[in-house]
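Colleague: Heads up: the protein sequence lines correspond to chains A and B, in order. Each residue of the first sequence is one higher than the last, beginning at 1 in the numbering used here. Each residue of the second sequence is one higher than the last, beginning at 1 in the numbering used here.
Hints are not guaranteed to be accurate.
If we take Cβ atoms under 7 Å as the criterion, some of the chain A residues that face chain B in the derived model are [to be verified]: (1) V76; (2) T78; (3) F81; (4) T83; (5) L84; (6) H86; (7) L88; (8) R93; (9) A97; (10) G107; (11) T108; (12) Q111; (13) A114; (14) V228.
Hints were generated in silico from the structure; no laboratory data involved. Beta carbons are placed, not taken as given, at the ideal position from N, Cα and C, and that holds for glycine.
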Amino acid sequence: MRAGSDFGSRRFGFLSILGFRSSDFGSRARARAGYRCHAFLLFTLCGSTLAADTNAILNAWLAAQANLQTWQADFVQTRTFRTLTHPLTATGRVWFATPNRFRWELGTPAQTIALRTSDQLFVIYPLLKRAEKYPMDSKAPGEWRDALALLEAGFPRSRAELDARFRGVSLTETNGAWQLVLQPASPSARKLMREIRVGLATGDFSLTSTELVFADQSRMRNDFTNAVMNPSFDTDVFDWQPGPDFKVTEPLTK
Amino acid sequence: MISKWLRWWWIPLVILAGLGLARLRFDVEVLNLLPADLPVVEGLRLYQRHFASADELVLTIGADDVETATEVARELAVMLRAQTNLIARALWQPPGQEHPEQVPELLALMWLNQPPETFRQLANKLAPSNLTNILAETREALATTLSPNELARLGYDPFGLSRTPAASTGGPGRNGQGEEFFASADGAFRLLFLQPAHAFSSYRDCGRWLDAVRNTVEEFRHRSELPATIRFGYTGAPAFIAETSSGMERDLKVSALGTLVVVAALFWLAHRRWLPLCWLIILLVAVVGGTLALGGLVFGTLNVVSLGFAAILLGLSVDYALVLYQAARDRPQSSHSEARREIAPGILGSALTTACAFALLNFAALPGLGQLGTLVAIGIVLGALVMLGAFLPVAARRSASAKDETSEQDQARPAPAGALAGADVFTSAAIPATVLLAGVTAIILWQRTPSVDHTSEALSPVGSPAYLAMAEIKTRLGQTNEPLWLLVSGRDESEVAQRLDVLEARLGASELATWISEVTLPSALWPRPEWQRANRELAGQLAAQRETLRLALRENGFTDEAFALTAGVLDTWEKPASDSTPRWPILEANRWILEKVSARTDDGWVALGMVRSPTNSAAAFAGVTSAVGAELSRQGAVLTGWPALGEALLQHTGRRLPGVVVAMAALVALCLWLTFRTVREVLLSFGVILAGFAGLLVVMSVCGWSWNLLNLMAVPLLLGAGVDYTIHLQLALRRRQGDATIVRRTTGRALLLCAGTTIVGFTSLTWAGNAGLASLGKVCAAGVACVLFASLILLPGWWRCLMAGRTAPSRPSSLYRAEIWRLGLLLGRVLPVRCYRWLSRGLAWLYDLTQPRRREVVITNLLPVFNGDRAAAERVARRLFQQFALKVGDLWRYESGVSVDHWLTVWSGWETFAAAQARGKGVLLVTPHLGNWEFGGAILAQKGHRLLVLTQAEPEQRLTELRQSSRARYGIETLVVGENAFAFVEIIKCLQAGATVALLVDRPPPPTAVTVELFGRPFRASIAAAELARASGCAIIPTYVIRNHDGYEAHLLPEITYDRAAIGDRASRIRLTQEIVRAFEPAIRQHVDQWYHFVPIWP
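Excised from the complex, chain A in its bound form (with noise of 0.2 Å):
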């Protein structure tokens, strides 16, 4: 029965956070990592033995933030489920833009697009002509909140917004990047992502990789490349007009 047990709605909370909004975190992170990542690792390893060190690195990360406006990679998205015997892999590209703006493309061709604008979602389905529309303002289900703020604690505004979304759990160095490992302050939204481990490269603290691990061990991992940072493209690419034959639905609306 323990097949069973993991078919309860529980999981179907958790995943149901799970496809987009590691792509939130995966495209924040990569634009952000080379400005705040250096400091955060060093706040996380060091402690409170060297919290004055890091306390300066943490402000000099947050203050360089505003030089990011936009941001673009290629992933690889590897995906572990408990069902299956092997790993499930699919590649990708990212685009993203202050403040909030992304657009992931999961294919080649794009299968599934996820598209966020600042107060809604869209995870579109072109071969299928299916969309799915999620809101992301207040309206949105507190869990989904919950697990919106959790996803964009990688990328702190302030160091109390900081400490209040995460708990640092270790740092490792491993293959020349820094390996992060954060576990959600709110209980909630623990209730639904056990950890995310950020991927940081040694030398200039860019993002490589995100994983974020679910409470019954599944995993979907990003490993990112040809990271280009603030470059010039079309903002058309966060806009998307539903055609006459798609079917749009709201899943989250009672």
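Fit chain B to the supplied structure of chain A, relying on the hints for placement.
Modeller: Frame of chain A; chain B shown alone:
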């Protein structure tokens, strides 16, 4: 022997009361207050009975974080489950989450409920040759999908069995299998659903069970050392029942006892007498207890609102005692029975009127109020009878020193010389004040009219922790926009399923999109017997492919965990099924889901659906009902919901209220007419009520109160309760002939106390446990205060204006006419004497009863004889009517020709007459309206003396002629003098010729009237006798003929002597007139019940 048995009259009453109290039950279901024939109420009752989990307690847990809330909920559920004598089931999360292995059963049955064509498509899809393709698609989707739903589902449902064609349309659990029913979005607020281990036998049993649960929870808190930030709340049916029942007891204890205490305090402040106060309280308690017992006998079960009767009843019943007590104090020299006799008509009249008004609440919109009305009506009548019968005998016992000074002063004050005396500043200013107040009222109401509350908040409990807990649940679980419920009934599962399909299509139509944003019907879950039978064989074949499916999964890279759901579905399909009985889920988690949307009724099945509105549920209800109401009804469906209740009830009330008010007004008008018998006084009563109502509107407007479902009933209640004051006050004004000052000081004082107690009674409802009842009490208290103001301040002035010159009938009765006189003469000839007298007595009784104004005139005329003792005057007045009827009967018999030879039994003073006549200067026989003076002529005629009778013209010429001809038959000559001065010349001639002339000395025509004194009061008498004496020198002999037991007796009093020369001036003749009048005082006093004056005689 009979009297011996009569002594035990109270035993049957005690037995009846005991039976009533034994039968008494209390109903705390608020829906039972509402009209059962209203569809929305019918639907809510159906919903409450089958879907609201009538015995399920909802325990709320509030914590600072999700982990604490979850942990507390889980541990508490475990602890409560262990209390098997207390809890049968404790759910802290959806059963599907606790037992996810049971979910496949539901999916399997949902597939079986699909049309055969759809199920065949599934079978084709799962054909062995197709499995690889399906699983490849699943893997592709798992790799690329960003949909939360698919990511959650596909890994555990690689064959897509959880995607039934109708899955998207319904049933609970669509979003997480009901998790939203158990926890807030942030998880820090959780619910536990507790099912009691046993059914509740009574509301007290329910309360005890709830207390036990509370104790267990508190023990858990103590043992687990939970911080104070963990909050527990209790709601759901058991909590409401326990709270409502304790609220009822509180209402009875606090409201009724509080009212009793305030009533006692007011009584003490006003009268400062212990004995009457204690006796009053005892009687009030007896009245309330008796009413409760009668209520038990009549209804058996009393609802929560009806219990408000006690406070209202106390406030009203005490009025009768206060009026009685005030009447007794106003007449210190009268016995209590005399005081009671005087006041009884007013009390009975007002009790009847008020009881009728309250009883008419049975025709109001709310049955609950009807029961309240009946109880108050019963109680008022009982209270009036009890107070009339039992209050004064004990309460009026007092020492002579205890007499009330004010009352004595009032008593000593003579009745006003004429009607409408005693006007005070309030009376004089009443009309300008009325105009001023009307203007102010119009301005205030123009600015702001009290609004109408269209919600059903009036039915909500006040300050109820259970209600607050429910409100928190709605807020925390995001259910602020309450949906409407659609209940679909049918004889069997097939019919319900068919109707669900029809309704799903109809309610989903685009023309209803304005009102309906989402319709959720349990179509996907509902068993379809025909399709289950049709799909059964194919399902069995699929179940047989179990190993094929498992192998396919392994071959396509899935683990065995991915097969769990599929295996569960196949297990269900494998189980044998009956041909006749549709398959319902048997596993607990699935039954829990089905119980939320389906129920078995006495007539079949009912399914529950949900209709959400894009804006307002109440508006949606109105819109949908008007658009497809008939079709819903045809399909056995009822649209209902708490948001719709307020508007529906208001419409229902609005339809019936005018009828109730009109009927009540008609009934009150009838009762008032029976009491007053003048249109003007009836109109005055209504004027006071209207003024009071206008005042109430002003108070409501200023205080920002609004009308709601329950306080709308204040309109008929005020009509019934307020009319009392107008009755008592107008009757008092009549008695005091418009003397507003003394009426305010006596009756007004009693009414002030009465209104005070009534207001206290209604005000005490403000603390009732029901919001509507509280607002009803508030509005009624304000309304009664306004009516009291109008009664005491404005009414005397209005009465003075409208009743000027109408305080007493100044002319003889309209029955004194030729036709009736002829009929009397005819009956006098044909009826036997005994029969004739019975008839006379009966008619007199009827006249006395139906002509209160005439009776009042008689009483007023008699008062000076008794030195103002009204009670004595009233007693004699009743006898006087009887005597007069016998006199008229005898007169008719006499005038119809019956011999009166044997009627005269006593004769005195004949020698006086003989001596006077011997002088040869004529004899003037003067008599007042005392006894049967007409017979005097007949007696003289018998003795051979001719008599000339001087009379006034009768009301009709024909009657005058009729009377003349009747007298002529006995040789009596009649001279109608009227105002003809020449008639006197004729009379003087007759007297000078030695004739005998008879003259009535009282009630003279204006030209001959002078004011003398009789019984110490100015009295208008005829100076004609003195004038005739001066002109003719005749002898003046006072005489009278009165009726005794055996017949009649005639008395000639000593001659009134005078010096003819000394009466040349008018003043002397007036003095002679005074002497004549005074001569009759002893006779009148002795035979006052034969002193017949039916028009006012005192100037």
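Colleague: A separate judgement is required for each hint: does it hold in the structure or not?
Modeller: Hint check:
Because the closest C-beta pair between V76/A and chain B is about 12 Å apart, greater than 7 Å, the hint is violated. The closest approach between the C-beta of T78/A and any C-beta of chain B is roughly 9 Å, which is over the 7 Å cut-off, so the hint fails. With 7 Å as the threshold, the beta carbon of F81/A comes within range of chain B, its nearest partner Cβ sitting at about 5 Å, so the hint holds. For T83/A, the interface hint holds, the least distance from its beta-carbon to any beta-carbon of chain B being 4 Å, beneath 7 Å.
For L84/A, the interface hint holds, the least distance from its beta-carbon to any beta-carbon of chain B being 6 Å, beneath 7 Å. The beta carbon of H86/A comes within 6 Å of a beta carbon in chain B, closer than 7 Å, and the hint placing it at the interface holds. Checking L88/A against chain B by beta carbon gives a least distance of about 4 Å; that is within 7 Å, so the hint holds. A hinted interface residue such as R93/A counts as satisfied when its beta carbon comes closer than 7 Å to some beta carbon of chain B; here the least separation is about 14 Å, so the hint is violated.
Contact between A97/A and chain B, as hinted, is not supported at the beta carbon level, the nearest pair being about 19 Å apart and thus beyond 7 Å. Of the supplied interface hints, the one on G107/A holds, with its beta-carbon coming within about 5 Å of a beta-carbon of chain B, less than 7 Å. With a cut of 7 Å, the hint placing T108/A at the interface with chain B is violated, because the nearest CB-to-CB distance is about 11 Å. Given hint, Q111/A at the interface with chain B, holds; its Cβ is 4 Å from that chain's nearest Cβ, closer than 7 Å.
About 5 Å separates the beta-carbon of A114/A from the nearest beta-carbon of chain B, less than 7 Å, and the hint is met. Taking 7 Å as the C-beta cut-off, the interface hint given for V228/A is violated, the closest approach to chain B being about 23 Å.
This entry does not satisfy hints 1, 2, 8, 9, 11 and 14, going by the numbered hints stated previously.
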